[in-house]
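In case you want the letters, here they are:
Number of protein chains: 4
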Amino acid sequence: MAIPFAVIAGVGPGTGAAVSRKFATSYPVALLARNPDNYESLVKEINGSGGKAIGISTDVTNAQSIKSAITQISKEFGDAGCAAAIFNASAGFSRKPFLDLTEEEFVAGYNVSSKGAFLFTQATLPLLLKGEPTSKYPPTIIYTGATASIKGSAQLSSFAHGKWALRAMSQSVAREFAPKGIHVAHAIIDGVIDIPRTKEWLKDQPPEAKISPDGIADAYWHLHTQPKTTFTNEIDIRPMLEKW
Amino acid sequence: MAIPFAVIAGVGPGTGAAVSRKFATSYPVALLARNPDNYESLVKEINGSGGKAIGISTDVTNAQSIKSAITQISKEFGDAGCAAAIFNASAGFSRKPFLDLTEEEFVAGYNVSSKGAFLFTQATLPLLLKGEPTSKYPPTIIYTGATASIKGSAQLSSFAHGKWALRAMSQSVAREFAPKGIHVAHAIIDGVIDIPRTKEWLKDQPPEAKISPDGIADAYWHLHTQPKTTFTNEIDIRPMLEKW
Amino acid sequence: MAIPFAVIAGVGPGTGAAVSRKFATSYPVALLARNPDNYESLVKEINGSGGKAIGISTDVTNAQSIKSAITQISKEFGDAGCAAAIFNASAGFSRKPFLDLTEEEFVAGYNVSSKGAFLFTQATLPLLLKGEPTSKYPPTIIYTGATASIKGSAQLSSFAHGKWALRAMSQSVAREFAPKGIHVAHAIIDGVIDIPRTKEWLKDQPPEAKISPDGIADAYWHLHTQPKTTFTNEIDIRPMLEKW
Amino acid sequence: MAIPFAVIAGVGPGTGAAVSRKFATSYPVALLARNPDNYESLVKEINGSGGKAIGISTDVTNAQSIKSAITQISKEFGDAGCAAAIFNASAGFSRKPFLDLTEEEFVAGYNVSSKGAFLFTQATLPLLLKGEPTSKYPPTIIYTGATASIKGSAQLSSFAHGKWALRAMSQSVAREFAPKGIHVAHAIIDGVIDIPRTKEWLKDQPPEAKISPDGIADAYWHLHTQPKTTFTNEIDIRPMLEKW
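Residue numbers (this note's numbering), protein chains in the order written: chain A, 1 to 244; chain B, 1 to 244; chain C, 1 to 244; chain D, 1 to 244.
By construction, these hints were calculated from the structure, which means they are not laboratory data.
Bear in mind that the values here come from a model prediction, so they are computed numbers and not experimental data.
Please note that the accuracy of each hint is not assured.
Identical copies look the same in the list; a pair holds intra-copy or inter-copy alike.
What the hints assert, rightly or not - Cross-link-like lysine-lysine pairs, in silico, BS3-like; alpha carbons within 30 angstroms at most:
{"#": "1", "residue 1": "Lys-67", "residue 2": "Lys-96"}
{"#": "2", "residue 1": "Lys-203", "residue 2": "Lys-180"}
{"#": "3", "residue 1": "Lys-243", "residue 2": "Lys-203"}
{"#": "4", "residue 1": "Lys-130", "residue 2": "Lys-203"}
{"#": "5", "residue 1": "Lys-96", "residue 2": "Lys-243"}
{"#": "6", "residue 1": "Lys-151", "residue 2": "Lys-96"}
{"#": "7", "residue 1": "Lys-67", "residue 2": "Lys-180"}
{"#": "8", "residue 1": "Lys-44", "residue 2": "Lys-180"}
{"#": "9", "residue 1": "Lys-44", "residue 2": "Lys-243"}
{"#": "10", "residue 1": "Lys-180", "residue 2": "Lys-130"}
{"#": "11", "residue 1": "Lys-151", "residue 2": "Lys-44"}
{"#": "12", "residue 1": "Lys-67", "residue 2": "Lys-199"}
{"#": "13", "residue 1": "Lys-199", "residue 2": "Lys-243"}
{"#": "14", "residue 1": "Lys-243", "residue 2": "Lys-151"}
{"#": "15", "residue 1": "Lys-151", "residue 2": "Lys-75"}
{"#": "16", "residue 1": "Lys-44", "residue 2": "Lys-96"}
{"#": "17", "residue 1": "Lys-67", "residue 2": "Lys-136"}
{"#": "18", "residue 1": "Lys-243", "residue 2": "Lys-130"}
{"#": "19", "residue 1": "Lys-44", "residue 2": "Lys-136"}
{"#": "20", "residue 1": "Lys-136", "residue 2": "Lys-243"}
{"#": "21", "residue 1": "Lys-203", "residue 2": "Lys-151"}
{"#": "22", "residue 1": "Lys-75", "residue 2": "Lys-130"}
{"#": "23", "residue 1": "Lys-130", "residue 2": "Lys-96"}
{"#": "24", "residue 1": "Lys-130", "residue 2": "Lys-151"}
{"#": "25", "residue 1": "Lys-180", "residue 2": "Lys-52"}
{"#": "26", "residue 1": "Lys-67", "residue 2": "Lys-44"}
{"#": "27", "residue 1": "Lys-203", "residue 2": "Lys-75"}
{"#": "28", "residue 1": "Lys-52", "residue 2": "Lys-130"}
Let's have the full structure, built from the sequences with the hints guiding it.
Printed below as a string of structure tokens:
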């Protein structure tokens, strides 16, 4: 019998990679990122250690690109449906005075975080619904949010408005599809994630000042394993030294 | 001396008209709507009753259209700056199963409510800042939100995600510009507004089941008159018979 | 015909006094505080400037004390009912390590802010309902909240838990009594109020760093004048220089 | 070497029992409830299946009763400290018109949910801090909340105000003790839990309309295992058929 797969959009060296490794211990995984540099070594690593992975260069803001990725995934992994779809893609985070923002810069915060999430969700939902009757755990969609999902800070309107829009959509999809057995969850990642890019940040502080990608992956996996009687639709995650 | 003006975007027969009438008792008002039918009679009414009003056909989702409206306003009303900018434009509210939404339909909920608000805010902020030193009340931006600004209901993702994005931006702008004396407020209009289009809604209920546009206008005016020591950044508004 | 009165609990030299002066321009006012020093000169001031005021030494945490105050008010002001009941009493605000709190200190934050509000509401609601049919504006209850009504900061559990409890009760009372025409509102006062006690705070900052009691009073009055179609159940208030 | 223990307050036939069983697979557990009927058979069950459990009749609203329980626990389980303290006690949930509530009924909602949580937290925190340096997982406090922790429904003020107060205290304790390595989490249990007492509720609906106590226990265990880099301070939990 074919086994269902997991799709992770927004794979990079941090959360996306950790989540991919975690879900790869149970499912074939499809790793999506625009730049193949972001998944190539990880695909090798997973395939080399007993798992099964493919990487697909995908632009989540482009409906055609996502559809084409999904077609390729189905061809590779068969028709058992999708067990988990993780949306970890995100617009860049940058502060800028409001009056200096171009329209393009403002909308950029929306295109990935929210429009991208919409396109990804529409493309994966049919496969999640397909896998539902035979899945071990309720098929799961998880969206990665941020501090900016619940606070609109000064000079951060581009990033924040896209993240708030994502959170709204997450609630809406959760309410429509929970009765069909699909588990939709939104994670508020409130703090600096410990990845290569943030190596120089908070250098004067102990490791507990940053969030561990593996910790996020474990939380996502726990969400995935929750039964239909016990859906968590939102969690927050922060390191023990975070001010909030 | 020139007196500052007010701009109301999203003028229709309900909230927009009531707000326009209210602010027209103190300021020259510029009424923006895509369709001139929405402001023409109101412009006449205001001009005929001792006020001063102009109407400008404007597409708030189009930067050029907004800029051209602002240029026209400055030409008509002079350079005293803007006392109040009210963003009352909104995407249409319609329920639809998530999987039936086209990309265009989804994004439509964003384009007016959020991108439009961004363009309107960028165009009016310099005029609000200009008017600040001499204004009687702190120059004010007010955004009209909805129930969907704080809840992502099933089948309402298009409308809701645009409204959440607007609320995020409202906070961000409020935090950046309050120290410069600009008062930014967001109103959660939680209920059915009593306008011609909703005449047949809640017909079996007393009038207190719907929100009065004049009541909203009074609330917006009160927000505008608040001093720098006492800014309200968010209010909710609902009729006494609303379930919430 | 008898005219309805207003009751303000928690009168001191700041918000309570400003609210009392404001409502005294339209109603006879009863000023409640534990210590008569807090209302005596104000009672004189109001009575000396054309208004009508009485002061009653009251312990809001004591049911009998509140009932006795209400009896005295009815005797003085007649049976036209209550137009507005403002609950401005509050536990003291003090930071303390959690493990150093005694049970009494913890519960103190509840007794005034929440139990006191319960007793005050129960005592005044019948009079608000009585006045409802003939009142000019919907009879109104307003509760004064704080930053700590929406955030449980470290070392502030005593104060915060009482304020959260008050906010919960405010929602519950609003939902039950709005259909009966009673307007219930909760104000999140997010910042330092400019009163004698805070004179030395934020001394290096301009006046716009503190909240004006008169601004709060104006906001409360506006809430009171809202019609049944347009109830605001929650507002926030902060000075323009507040970080939030 | 002595091993740390877990304490569960508010053990009954539902969540408390499930959480006790779950934590008993790793720790000696102390089960607190006022009525020994609520833990006696469970204590036998755990001790009979390879675990270690004691039950102590405790009134969480009474500081002396809690202290005495903690003393007894330390005597039984040694001085390795506490690995997890779960506060699952709760006031009864009952709707009643606001004006019909006695002061005692209103305050009852506070005494267990909030004052009880305070006393329990003060008594267990020193033991959690003691266990911290050698514990496998960060010592954890978890508070069980409800729908009423985030909504003050009509006629539910007694229950709701106690739950809001608990949530506030949870945040305050989390913020103070996270930097010391203590993990504090609050769970919003939003729905009917499937326990003997609710057997007749939602009878016309499938099992997925109720929350599984075992599902809650799994979620609490996951929270407990989170590392210092990845603390979740709040989760919600609801069954897939819940309207929210």
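We went through each hint and held it up to the structure:
1. Lys-67 to Lys-96: between (34 angstroms within a copy, 21 angstroms between copies)
2. Lys-203 to Lys-180: between (46 angstroms within a copy, 19 angstroms between copies)
3. Lys-243 to Lys-203: Both, since 16 angstroms and 26 angstroms are each at most 30 angstroms.
4. Lys-130 to Lys-203: between (47 angstroms within a copy, 29 angstroms between copies)
5. Lys-96 to Lys-243: both (23 angstroms within a copy, 18 angstroms between copies)
6. Lys-151 to Lys-96: Result: close both inside a copy and across copies, 16 angstroms intra and 28 angstroms inter.
7. Lys-67 to Lys-180: Classified as within: same-chain Cα gap 23 angstroms, cross-chain 47 angstroms, threshold 30 angstroms.
8. Lys-44 to Lys-180: Close neither inside one copy (36 angstroms) nor across copies (40 angstroms); limit 30 angstroms.
9. Lys-44 to Lys-243: Answer is neither: 38 angstroms inside a copy and 44 angstroms across each miss the 30 angstroms cutoff.
10. Lys-180 to Lys-130: within (11 angstroms within a copy, 46 angstroms between copies)
11. Lys-151 to Lys-44: Result: close neither inside a copy nor across copies, 39 angstroms intra and 42 angstroms inter.
12. Lys-67 to Lys-199: neither (35 angstroms within a copy, 43 angstroms between copies)
13. Lys-199 to Lys-243: Answer is both: 19 angstroms inside a copy and 29 angstroms across each meet the 30 angstroms cutoff.
14. Lys-243 to Lys-151: both (14 angstroms within a copy, 13 angstroms between copies)
15. Lys-151 to Lys-75: Intra 41 angstroms, inter 38 angstroms, cutoff 30 angstroms: neither.
16. Lys-44 to Lys-96: Answer is neither: 39 angstroms inside a copy and 42 angstroms across each miss the 30 angstroms cutoff.
17. Lys-67 to Lys-136: Answer is within; shortest intra-copy Cα gap is 26 angstroms, inter-copy 45 angstroms.
18. Lys-243 to Lys-130: between (42 angstroms within a copy, 24 angstroms between copies)
19. Lys-44 to Lys-136: within (27 angstroms within a copy, 33 angstroms between copies)
20. Lys-136 to Lys-243: Intra 38 angstroms, inter 24 angstroms, cutoff 30 angstroms: inter-copy only.
21. Lys-203 to Lys-151: both (25 angstroms within a copy, 29 angstroms between copies)
22. Lys-75 to Lys-130: within (15 angstroms within a copy, 55 angstroms between copies)
23. Lys-130 to Lys-96: between (44 angstroms within a copy, 21 angstroms between copies)
24. Lys-130 to Lys-151: Answer is between; shortest inter-copy Cα gap is 28 angstroms, intra-copy 36 angstroms.
25. Lys-180 to Lys-52: Classified as within; 29 angstroms inside a copy, 41 angstroms across copies.
26. Lys-67 to Lys-44: within (24 angstroms within a copy, 52 angstroms between copies)
27. Lys-203 to Lys-75: Neither: 45 angstroms inside a chain and 44 angstroms across chains, both beyond 30 angstroms.
28. Lys-52 to Lys-130: within (21 angstroms within a copy, 44 angstroms between copies)
Violated hints, in rising order: 8, 9, 11, 12, 15, 16 and 27; the structure is consistent with all others.
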